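Protein chains: 2
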Amino acid sequence: MLICSSRDEMKRREAALRFIAALLNQEGRSSLYDLSGLAGGFPVKKSDLNLLETYSGPAIFSSNLQKEGTQHLGGEKVAAFNRTSAAILATLLALVKPGEEVIHYLPELPSHPSIPRSVKLQGASYREFDNLQDFQLTDETSLVIITGSTMDHKVLPLTDFNRIIQISHAKQIPVMVDDASGARIRTVIYDQPRALDMGADLVVTSTDKLMDGPRAGLMAGNSSLIDRIQDKAHQFGLEAQPPIVAGIVRALENFKPQRILDSLERRDKLHKIAGNVFKGVEKTPTGFMISAANLENEITPEGNDNLTKRELATLMAMVLLREHHMVTIPAVGMPGVSDTIRLDISSKDAERVDDNQIIQALKESLEVVREI
Amino acid sequence: MLICSSRDEMKRREAALRFIAALLNQEGRSSLYDLSGLAGGFPVKKSDLNLLETYSGPAIFSSNLQKEGTQHLGGEKVAAFNRTSAAILATLLALVKPGEEVIHYLPELPSHPSIPRSVKLQGASYREFDNLQDFQLTDETSLVIITGSTMDHKVLPLTDFNRIIQISHAKQIPVMVDDASGARIRTVIYDQPRALDMGADLVVTSTDKLMDGPRAGLMAGNSSLIDRIQDKAHQFGLEAQPPIVAGIVRALENFKPQRILDSLERRDKLHKIAGNVFKGVEKTPTGFMISAANLENEITPEGNDNLTKRELATLMAMVLLREHHMVTIPAVGMPGVSDTIRLDISSKDAERVDDNQIIQALKESLEVVREI
Chain A
1 MLICSSRDEM KRREAALRFI AALLNQEGRS SLYDLSGLAG GFPVKKSDLN
51 LLETYSGPAI FSSNLQKEGT QHLGGEKVAA FNRTSAAILA TLLALVKPGE
101 EVIHYLPELP SHPSIPRSVK LQGASYREFD NLQDFQLTDE TSLVIITGST
151 MDHKVLPLTD FNRIIQISHA KQIPVMVDDA SGARIRTVIY DQPRALDMGA
201 DLVVTSTDKL MDGPRAGLMA GNSSLIDRIQ DKAHQFGLEA QPPIVAGIVR
251 ALENFKPQRI LDSLERRDKL HKIAGNVFKG VEKTPTGFMI SAANLENEIT
301 PEGNDNLTKR ELATLMAMVL LREHHMVTIP AVGMPGVSDT IRLDISSKDA
351 ERVDDNQIIQ ALKESLEVVR EI
Chain B
1 MLICSSRDEM KRREAALRFI AALLNQEGRS SLYDLSGLAG GFPVKKSDLN
51 LLETYSGPAI FSSNLQKEGT QHLGGEKVAA FNRTSAAILA TLLALVKPGE
101 EVIHYLPELP SHPSIPRSVK LQGASYREFD NLQDFQLTDE TSLVIITGST
151 MDHKVLPLTD FNRIIQISHA KQIPVMVDDA SGARIRTVIY DQPRALDMGA
201 DLVVTSTDKL MDGPRAGLMA GNSSLIDRIQ DKAHQFGLEA QPPIVAGIVR
251 ALENFKPQRI LDSLERRDKL HKIAGNVFKG VEKTPTGFMI SAANLENEIT
301 PEGNDNLTKR ELATLMAMVL LREHHMVTIP AVGMPGVSDT IRLDISSKDA
351 ERVDDNQIIQ ALKESLEVVR EI
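Chains as they are written, first to last, in full-length UniProt numbering: chain A, 1 to 372; chain B, 1 to 372.
What the hints contain is simulated information worked out from the structure, not anything from laboratory work.
What you are looking at is a predicted structure, and each value in this text was computed from that prediction instead of being measured.
Treat the hints with caution; some may be incorrect.
Across the chosen pairs, the derived CB separations fall in these ranges [said to hold, decoys possible]:
no.: 1; chain 1: B; residue 1: Asn131; chain 2: A; residue 2: Arg7; range: 35 to 43 Å
no.: 2; chain 1: A; residue 1: Glu253; chain 2: B; residue 2: Ser223; range: 53 to 61 Å
no.: 3; chain 1: A; residue 1: Ala170; chain 2: B; residue 2: Met10; range: 41 to 49 Å
no.: 4; chain 1: B; residue 1: Gly275; chain 2: A; residue 2: Pro335; range: 54 to 62 Å
no.: 5; chain 1: A; residue 1: Asp8; chain 2: B; residue 2: Asn162; range: 37 to 45 Å
no.: 6; chain 1: B; residue 1: Asn162; chain 2: A; residue 2: Lys154; range: 54 to 62 Å
no.: 7; chain 1: B; residue 1: Ser31; chain 2: A; residue 2: Ser224; range: 34 to 42 Å
no.: 8; chain 1: A; residue 1: Lys97; chain 2: B; residue 2: Glu282; range: 40 to 48 Å
no.: 9; chain 1: B; residue 1: Gln66; chain 2: A; residue 2: Ile372; range: 30 to 38 Å
Just so it is clear, CB atoms sit at the ideal spot from N, CA and C, and this is done for glycine as well.
Chain A extracted, bound-state conformation:
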């Protein structure tokens, strides 16, 4: 066992970041390929820099944020948060009282931990569902949350979406959609409507997922709800600061759905070739992935006593980083992060690496892990 605690995982992350720092210092940004799909970006203009102060920043960028944000998500008003998790915490503090109940509906259980964790902090109760048969509100329910698309990019069917909103509104319960990646995956790839256009009261998205903005949360919806949530955010220091708001505005201005659509053909081709190298490769909406279980099956089909499947995935991700300069989540993510190796073909850096390079990197990394 190499990974025994979240402390070991923190060391793994720190080692990965040290390697990236050395690489960037020696060979520059173009030597690195961040295919994690979570690279984030900070596309502010050089001329923006001297305006990113506490009062000048919002003065200049908040009206642009309203314009670009409502254009992207719909709704009456938007607000920006330090992270999507921070937006969710602010929402629970504003809309749910201790003792009340939050119901969460998602494409597949379990939820991202940030939702039940914030509900618990507020002293409310929590239940989650992934099928309409079991879904039921009670008299204590004060908020319904829908996850539009999971971390592994599994998307909620439209019929479920509409039904949950209908049931909740029949009881006057507000609906918030956690559309972290969904606000783009659902709309651009699956041609679903925006969450607010389906009648949700609030939607929140992560501006680093399928777009090149900073890691941050952008929320839109009903004006008076947004005001109450923003008030809580200011109280606990959860709102995005001016430089981040400027980064979000510029990323929204630059956002091109067509770039995601253009990557789909390449994804299909790469998924097919990668499948010849290794049959446990699965397609995702924006690329392909190797789950830790499939990796274990491929490398030690008879099982092994030395390494867990998470350790194998971590090893593979570290080899991809060190030997091929390709960034994936199991190498750089926080402790407890997904152990799936996902290569995102819609990411900006994917444009700089050719198909052959990706396939060779996979093939050679598999060989290295096999030998270890």
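Using the hints provided, position chain B relative to the given structure of chain A.
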């Protein structure tokens, strides 16, 4: 009554920001003088811009943050948060359990609301003191917080500081110092030691107060405590994001205590002249201020039925902004902000405005408010 609710205050803030936006667009940044002492800044280099991504950013800037941060605050390790309020929330979540007690000692009651608010959210109890006679720990106390310097820059005497740390450590209770502005006011102006050098376990400071960094919280102290607090921060989305971390690093690199010391002579001179215009002017560590009560006394010594003292201060701050392009807190602050008009002579923009301009602005603004 003009200000009846926090909604009215939000409208006041929005009007001020609209005015600033128009001014910046038409006449550029040099037409504005932010003397709030809370201007914040984002001194990243243009060459930093393409490194401010989710994984490249920390790879490059986290080791610099450790180096510059521990040099500024002392301690074994530092961590950066979206705001000082967010750092305090993360600390309470990590170190205090529901049902336990937090004791807060400060130069003057009452506390900034962020501390009791976060204690309440965690389900703990809270007591605050400003004198050693009343100060007492109980068996439930699990954290002691000391405020080094208040929002109005009132500083805690060293003897109190040492005594509180001694009493707390005798009972093995960790001490966190909220040194938002104190980490510079106390050390640079009052020649007090750094909080960690006095034996505190943790200290947090605001990187926009008496230095030109972004609005953010920088915490330093005992390594294992910092790790636990940082873990909670990541869970709820409270940590500073890479662009903000880069801004903090550059601001720490640029920080010159001498600039604050150099401003003191000018402060004394200005305070004296301003006192001739209007006797309710009080000296602060970095400039001078007019409290709302003193303003009311000056303008309507016989009292008035039309405007509260907060309204008078807001009006004065708005006139200073519109007619003289000088930013002070009662004009641009969030709802519930201090109604003291404070002019910070150590702030960067103070270098661009001469003494006469400041005194004339005060004189003329007082006249305008008097007429209204």
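### Query
Should the hint that B:Asn162 and A:Lys154 are 54 to 62 Å apart at their CB atoms be regarded as holding?
Holds, at about 58 Å.
### Message
Is 35 to 43 Å respected by the C-beta to C-beta distance linking B:Asn131 and A:Arg7?
### Response
holds (42 Å)
### Query
Between B:Gly275 and A:Pro335, is the Cβ distance one that fits in 54 to 62 Å?
holds (58 Å)
### Task
May I ask you to test the hint 34 to 42 Å on the CB atoms belonging to B:Ser31 and A:Ser224?
Holds, since B:Ser31 and A:Ser224 (Cβ atoms, about 36 Å apart) stay within the stated range.
### Query
Are A:Asp8 and B:Asn162 spaced within 37 to 45 Å by their CB atoms?
holds (39 Å)
### Query
Would you say the C-beta atoms of A:Glu253 and B:Ser223 sit inside 53 to 61 Å of each other?
At 42 Å between Cβs, range violated.
#### Entry: Beta-carbon spacing of B:Gln66 to A:Ile372 - inside the hinted bounds 30 to 38 Å or not
Given about 32 Å between the Cβ atoms, the range holds.
### Query
Does 41 to 49 Å hold as the CB distance between A:Ala170 and B:Met10, or does it fail?
violated (33 Å)
### Query
Is it true that the C-beta distance of A:Lys97 to B:Glu282 lies inside 40 to 48 Å, as the hint says?
Hint holds: Cβ distance 42 Å, inside 40 to 48 Å.
Of the numbered hints stated above, those contradicted by the structure are hints 2 and 3, listed in ascending order.
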